[in-house]
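Whenever a hint applies, use it, and build me the whole structure from the sequences.
2 protein chains.
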Amino acid sequence: MFETAELGQKVSKEAFNERETKLRTALLVAQQELKGADFPVIVLFGGVDGAGKSATAQVLNEWMDPRWITTRAFGEPTQEERERPRYWRFWRELPPRGSIGILLSAWYSQPLLDHVNGGKLDALDSGLDEIEFFESQLAADGALIVKFWMHLGKNAQKKRFKKLEKNVHESWRVTEVDWEHWRRYNDFVAAAERILSRTSTGEAPWHIVEGADARYRSLRVGELLLAALRDRLARPAAPASRPAPSVVAELSSAAEGPSILTGLDLSKKLEDTRYKQELRRWRARLNLAHRKAREKGISTLAVFEGWDAAGKGGAIRRIVSALDVSAARVYPFAAPTDEERAHHYLWRFWRHVPRAGDVALFDRSWYGRVLVERVEGFARKDEWERAYAEINHFERQLAEHGIVLVKCWVHLSPEEQLRRFHEREQTPHKHWKLTDEDWRNRENWDAYEAAVHDMVERTSTGLAPWTLVEGNDKYFTRIKVMKTLTERLEKVV
Amino acid sequence: MFETAELGQKVSKEAFNERETKLRTALLVAQQELKGADFPVIVLFGGVDGAGKSATAQVLNEWMDPRWITTRAFGEPTQEERERPRYWRFWRELPPRGSIGILLSAWYSQPLLDHVNGGKLDALDSGLDEIEFFESQLAADGALIVKFWMHLGKNAQKKRFKKLEKNVHESWRVTEVDWEHWRRYNDFVAAAERILSRTSTGEAPWHIVEGADARYRSLRVGELLLAALRDRLARPAAPASRPAPSVVAELSSAAEGPSILTGLDLSKKLEDTRYKQELRRWRARLNLAHRKAREKGISTLAVFEGWDAAGKGGAIRRIVSALDVSAARVYPFAAPTDEERAHHYLWRFWRHVPRAGDVALFDRSWYGRVLVERVEGFARKDEWERAYAEINHFERQLAEHGIVLVKCWVHLSPEEQLRRFHEREQTPHKHWKLTDEDWRNRENWDAYEAAVHDMVERTSTGLAPWTLVEGNDKYFTRIKVMKTLTERLEKVV
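Line by line, the protein sequences give chains A and B.
Numbering follows the numbering used here, in which position 36 of the first sequence is assigned residue number 41; successive positions increment by one, without gaps.
Numbering follows the numbering used here, in which position 376 of the second sequence is assigned residue number 381; successive positions increment by one, without gaps.
A portion of the hints provided could be inaccurate.
No distinction is drawn between identical chains; accordingly, a pair holds when it is met within one copy or between any pair of copies.
Said to hold, decoys possible - Below, a list of computed lysine-lysine pairs in the DSBU-like style, where the Cα atoms sit at most 35 Å apart: (1) 274 with 27; (2) 274 with 125; (3) 164 with 40; (4) 164 with 488; (5) 15 with 281; (6) 164 with 27; (7) 496 with 301; (8) 171 with 159; (9) 496 with 168; (10) 40 with 171; (11) 163 with 435; (12) 301 with 167; (13) 27 with 168; (14) 171 with 488; (15) 274 with 164; (16) 163 with 479; (17) 159 with 479; (18) 159 with 15.
Quick caveat, the hints were computed from the structure, so don't treat them as lab data.
It should be emphasised that the depicted structure is a prediction, and the values quoted were computed from it without experimental measurement.
Rendered as structure tokens:
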């Protein structure tokens with residue numbers, strides 16, 4: 006696979022100067038056009054040590070306007086990073102639309118190192134599955150992903166290290182680890198072959214670049230990047246999402262029968278005295294379970310979805326009252342901020358993944374993608390359809406990191422909702438809770454119900470099950486939600 | 006000072022229930038109104054251990070809508086926090102406008118503990134100066150700051166600890182440190198008296214609340230908060246900033262004479278060959294200095310301001326080319342995002358204070374407040390006038406943390422600017438660099454020059470001096486900027 010990158014390609018100084026001038030100008034122009042475009046560019050460098058990964062990243066920074074480029078290398082994860090799933094730190098560093106993010110090694114370095122250090126092939130393959138999914142999800146969102154594998158033959162690498170070591174300004178670049186890796190060159194190259202052949206996809210291809218000659222590799226990377234940028238900029242923008250003319254027509258056939266919500270017994274109730282007893286009981290148990298979880302560094306992420314006026318807020322308030330306030334945080338998700346809008350839709354939820362021991366309570370969540378965005382046509386059909394897999398993948402990462410993930414849908418009958426709307430209208434200090442949107446959403450009840458059905462069917466997994474909560478009685482709702490959360494926590498502490 | 010908080014005040018269950026219902030409703034209504042207001046609310050709890058700081062924070066979360074409240078306690082700083090100035094973590098947690106942030110102990114805990122543990126009175130006083138400045142700066146920006154000092158007499162505290170220890174669900178709240186502090190109760194109270202009398206200001210008053218009885222203290226805190234909220238909501242909003250009708254009239258008298266820029270010798274030049282030599286030389290020195298700084302964990306923050314087309318971007322690019330890309334980051338500051346706009350104007354710069362060893366290059370900065378915002382009237386006169394002190398204070402915190410702070414103003418003559426504008430017009434790939442705004446700014450040259458003069462005069466300090474860079478010759482500019490940065494770094498590594 007790497008033979009073509011061991012040919013000893015070189016570019017003379019004169020040829021370089023000529024091509025460089027043109028290339029820089031063209032890159033600057035393309036970068037300028039990119040600023041107004043609706044996609045981000047991810048430039049990833051992988052490859053052999055000493056083959057010029059960071060030197061080339063530096064050249065790109067010099068050639069283009071570095072104000073619209075972020076460049077990140079990933080060393081050992083920090084404490085804050087270790088407390089979150091592995092991809093958290095990569096999500097944090099993804100560039101917003103209109104800009105370029107240069108990432109050094111990034112998500113490729115761990116699978117490679119693990120494998121060379123004796124990891125099983127299965128583990129490598131599952132690491133690569135992860136990468137494939139991650140990249141294809143970014144690409145589907147519009148990201149242009151260009152990956153450069155910087156290569157050196159074994160002898161060329163040795164020569165390179167020796168040369169660097171002789172230069173007083175550069176010798177720091179060569180470490181004992183580099184020599185150690187060099188001695189195991191063949192293992193690395195074998196693993197790299199597997200990685201490249203698995204992860205070079207149409208939407209995120211690898212370009213193998215011979216790294217021995219700085220002039221050659223700089224031009225090659227620059228020209229490949231330019232071609233990719235131009236190609237992408239010339240492509241027509243993705244069709245904007247638009248309100249679906251007929252929402253129900255787009256719903257899955259599964260939803261045509263009775264929905265999963267039909268089976269719920271909405272007559273469930275708790276009497277006042279019983280409620281107070283239960284509340285005391287579950288508060289104490291939840292408090293204890295959370296204190297134990299905190300000691301063990303186990304985090305919790307609880308998602309609350311439900312009809313307008315179903316009582317999510319009240320349930321969240323009761324949970325907060327049981328927890329140490331300094332470790333619990335409520336995140337209400339309404340319209341995204343402009344910073345959030347410039348990223349993949351999951352980015353703003355990744356931002357708030359709780360640190361070890363903390364509890365994050367999400368009032369609405371990433372499920373907006375397959376609920377309101379689907380029904381109102383804010384997301385295109387292909388977008389919300391692929392969201393189920395993206396969401397399952399995201400949740401698996403949370404669960405595998407040991408985060409307790411609880412998801413509640415609070416259901417109520419349309420009649421009870423209407424009663425509560427009227428109550429809100431008539432109670433001065435509840436007025437604000439009722440908006441025109443609530444009335445509009447109500448008109449789309451059937452479409453929403455079908456969307457909820459599909460959501461539960463497709464995203465209720467062993468690691469992250471949905472709990473459907475009977476919401477006609479507020480007392481019952483609150484206790485069931487607390488009980489669900491508490492019992493999930495008690496299982497792991 | 007605390008006598009009135011040792012009276013043994015109590016509220017009966019019946020009285021509590023009655024007052025609670027009214028209070029909750031009123032708090033919810035006020036909170037609702039707050040959501041549309043243009044100021045944040047900071048509720049700070051300090052006081053004696055066991056007097057109900059976090060319990061009361063919890064009650065407030067229960068009474069109001071916790072979705073619009075964030076509650077933070079501050080334990081030992083994390084690694085990421087230790088790598089920044091002490092107030093960094095407090096700035097991060099400040100609530101945006103329209104919401105409530107409840108902070109436990111926060112910036113009060115370290116001065117108190119340091120003092121009780123034998124710190125000098127001078128140190129305490131300077132810590133309190135810091136606090137006063139910080140709070141008054143937030144208040145000037147509109148924040149409503151309400152501070153509660155939860156108090157218990159020595160015997161009441163002992164009783165409280167004993168009682169908690171007996172309760173199986175609560176015993177974890179009492180630690181050995183708590184008992185240790187109890188034994189030194191008198192020291193704590195003496196220090197607290199000094200702290201409260203110094204930091205109870207008109208804009209951020211302390212309320213001393215007797216903490217022995219949970220019902221009493223909850224109602225008292227709730228009612229005080231409600232009164233403060235209502236009072237503030239009833240006050241007319243601050244007058245909006247408006248374009249100054251006559252900018253020059255508002256300029257300081259100092260600027261009426263020749264400006265500080267007049268003295269610069271804009272004929273300074275570097276020949277092509279000499280430039281290339283110097284560039285190589287300073288790149289190597291800067292690279293070495295930064296590597297040493299990185300090893301020592303010293304961060305650098307370099308601010309670039311200057312006229313449009315003065316060559317800031319080109320200078321930044323040359324600096325980036327000398328640094329390890331993974332440790333250097335360029336931040337271009339244009340209009341703030343909506344998230345940033347919801348905070349104090351310094352918040353978005355605090356966000357990007359570099360971690361240990363990193364270099365942050367700010368293309369424009371907090372000086373926008375006293376330049377464009379002043380000249381264009383985006384900030385009111387009282388806002389930009391107090392900004393000089395705020396900026397000096399901010400920079401002092403950076404410098405005292407050991408951050409190397411470099412500030413460059415790149416100056417050029419109006420004639421040279423015009424020449425460059427025309428050049429940009431005529432060079433296709435530079436077109437985008439020239440905007441209508443550039444032409445508009447040019448018309449206000451005198452007003453900007455006066456603002457620059459005032460800025461340098463008031464913010465060039467020993468810890469954070471301004472470097473004025475002669476910018477008519479791009480080569481000269483780049484080398485002077487690199488030299489300035491390098492020499493500053495070399496002094497500390």
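Right, here's what the structure says about each hint:
1. 274 with 27: Between copies only: 27 Å across, 75 Å inside.
2. 274 with 125: neither (53 Å within a copy, 62 Å between copies)
3. 164 with 40: neither (41 Å within a copy, 65 Å between copies)
4. 164 with 488: Answer is between; shortest inter-copy Cα gap is 34 Å, intra-copy 65 Å.
5. 15 with 281: between (80 Å within a copy, 24 Å between copies)
6. 164 with 27: within (31 Å within a copy, 80 Å between copies)
7. 496 with 301: Answer is within: at 13 Å inside a copy they meet the 35 Å cutoff, but 45 Å across does not.
8. 171 with 159: within (19 Å within a copy, 70 Å between copies)
9. 496 with 168: between (58 Å within a copy, 30 Å between copies)
10. 40 with 171: Neither. Shortest intra-copy (42 Å) and inter-copy (64 Å) distances fail the 35 Å Cα cut-off.
11. 163 with 435: So residue 163 and residue 435 fail the 35 Å test inside a copy (73 Å) and across (43 Å) alike.
12. 301 with 167: between (48 Å within a copy, 27 Å between copies)
13. 27 with 168: Intra 30 Å, inter 79 Å, cutoff 35 Å: intra-copy only.
14. 171 with 488: between (67 Å within a copy, 26 Å between copies)
15. 274 with 164: neither (78 Å within a copy, 41 Å between copies)
16. 163 with 479: neither (71 Å within a copy, 40 Å between copies)
17. 159 with 479: Result: close neither inside a copy nor across copies, 69 Å intra and 43 Å inter.
18. 159 with 15: within (18 Å within a copy, 81 Å between copies)
Hint compliance for this structure: hints 2, 3, 10, 11, 15, 16, 17 are not met, and every other hint is.
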